[in-house]
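Residue numbers -20 to -1, 1 to 186, in mature numbering (1 follows the signal peptide of the UniProt record, and there is no 0), belong to the letters of the sequence shown in order.
Mixed in with the good hints there might be a few duds.
[Stated by the list, open to error] Lysine-lysine pairs mimicking BS3-like chemistry, simulated, CA-CA at most 25 Å apart:
no., residue 1, residue 2
1, LYS143, LYS23
2, LYS143, LYS11
3, LYS181, LYS23
4, LYS176, LYS143
5, LYS122, LYS176
Keep in mind that the hints were calculated from the coordinates and are not lab data.
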Amino acid sequence: MRSILLPTLIVLLLSGCASSPKSTYYRLTSKPIPAMNEASNQKRVMIGPVTVPANIDRPQLVIQRGGSQVEIFEYHRWAASLKGDVGQVIAASLASNMNMPNVWNFSESTQTQFDYQVFVDVQTLEAVPGQDLLLDVHWSIKPSVQVASKVTSATGSTAPPLKTIMGRTLIREPTGSNGFEDLIAAQSAAFEKVGKDIASKLVREN
């Protein structure tokens, strides 16, 4: 009896393994950060920490369809941390728009010397393949202690506290019709626009 059951069990286990779907992995894409040259903007900026809603802060892709409906795709996953990818896309966008090579992603950098730190809070990221993506991001630009010291040295007196710059980017982006590939591309494009907004604010304030 045991000699009959054992081969049957092995066949069942192998068939179960063979039928398991293969996972597909995704990353947000970003522009390359420009190389340093004499014309480069010398300011140094740290992007992050980045926060995202708890329901999408997971390895699986999550589609929030609006309202209370959320769908989790077990076999469609992020290849890395979503928060890390968001920080990288925004950092690359800021660097590209300001010709500023010294921009770092908080989740991937040990850099401690920078002029500004940008805190990013993703409030909403709702998207469905084939429909529009909705992105709502609150961000703040905080001057570092080093910047305050430079102002004090230049004026010869104690400088007033440098203000934190607050901003918000609200974007609606079409996701195309090619499933998850187009959806991820739309998310990348949306976060690039967040970086462009932050760059625009930094240019006006400096």
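Hint check results:
1. With a C-alpha separation of about 17 Å, the suggested pair LYS143 and LYS23 falls inside the 25 Å cut-off, and the hint holds.
2. Distance restraint check for LYS143 and LYS11: the Cα-Cα separation of roughly 30 Å exceeds the 25 Å cut-off, and the hinted pair is therefore not satisfied.
3. Of the supplied pair hints, the one linking LYS181 and LYS23 holds, its CA atoms being roughly 14 Å apart against a limit of 25 Å.
4. Among the hinted pairs, LYS176 with LYS143 is consistent with the structure: their alpha-carbon atoms are about 21 Å apart, no more than 25 Å.
5. As the CA atoms of LYS122 and LYS176 are separated by approximately 17 Å, the hinted pair is consistent with the 25 Å bound.
When the structure is compared with the earlier hints, a violation turns up for hint 2 alone.
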